[in-house]
Amino acid sequence: EDQVTQSPEALRLQEGESSSLNCSYTVSGLRGLFWYRQDPGKGPEFLFTLYSAGEEKEKERLKATLTKKESFLHITAPKPEDSATYLCAVQASSGGSNYKLTFGKGTLLTVNP
Amino acid sequence: DGGITQSPKYLFRKEGQNVTLSCEQNLNHDAMYWYRQDPGQGLRLIYYSQIVNDFQKGDIAEGYSVSREKKESFPLTVTSAQKNPTAFYLCASSRAKDSPLHFGNGTRLTVT
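Protein chains in written order, with this note's numbering: chain A, 11 to 123; chain B, 15 to 126.
Hints are not guaranteed to be accurate.
Sample of chain A residues at the chain B side, in silico, Cβ under 8 angstroms [unchecked claim]:
1. Arg22
2. Leu23
3. Phe44
4. Pro50
5. Gly53
6. Thr59
7. Lys78
8. Phe82
9. Gln101
Chain A is nowhere near these chain B residues, computed Cβ spacing over 12 angstroms in every case [stated by the list, open to error]:
10. Gln31
11. Ser36
12. Gln51
13. Gly56
14. Ser79
15. Lys85
16. Lys97
17. Asp112
Keep in mind that the hints were calculated from the coordinates and are not lab data. Nothing here was measured: the structure is a model prediction, and the numbers come from that model. Glycine included, each C-beta is placed from N, C-alpha and C at the ideal position.
Same shape as in the complex, but just chain A:
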């Protein structure tokens, strides 16, 4: 069974204090790993897709990296508007349903001014 574990569950940072969120996964053949951002009361918003170990993607203050066992979402000099829940999801390349994503429980990030 595919599993995704995100840590920490919650993270408080001061504005400008860089840090990383972790997404550990076990999957029978990784097709893709996805990062989403979710604001309170809203649907998740797509950030990145990573396909193979060593791949990196960047967007503004965010950088996502991927190894064979985990992914990191690095946040450089965060601002209060980066406060949100960050979700990680994996898609397996094997099995009957290539549409199924397995989601982690998310990391709630709070950035204080």
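Please build the complex by placing chain B on the supplied structure of chain A, with the hints as guidance.
Structure of chain B alone, referenced to chain A:
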């Protein structure tokens, strides 16, 4: 702008009543999905549809039903058989099976 519209944003029902949640997309995506989100849990897949007039059960389909009569629409019915229906329901679509999901802004259902 293209996107996914879920309605209503909040829905209140009495126990024993069926209720239908609306989901419409104008992204021209073939695949559509319904997820349920509960506090402290990851998103769980209820149903998905790859093409019009076809849909498959996800991990937690019991007590739910769907239809896909039009490409743009994928309504979800929460039946009285669903034992714990109070939750935040998210509809999503994707261009292809390994493409990112685009989500609506959800419907929060409360059953008392």
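Where does the structure disagree with the numbered hints, that is, which hint numbers, in rising order?
1, 2, 4, 7, 8, 12, 13, 17
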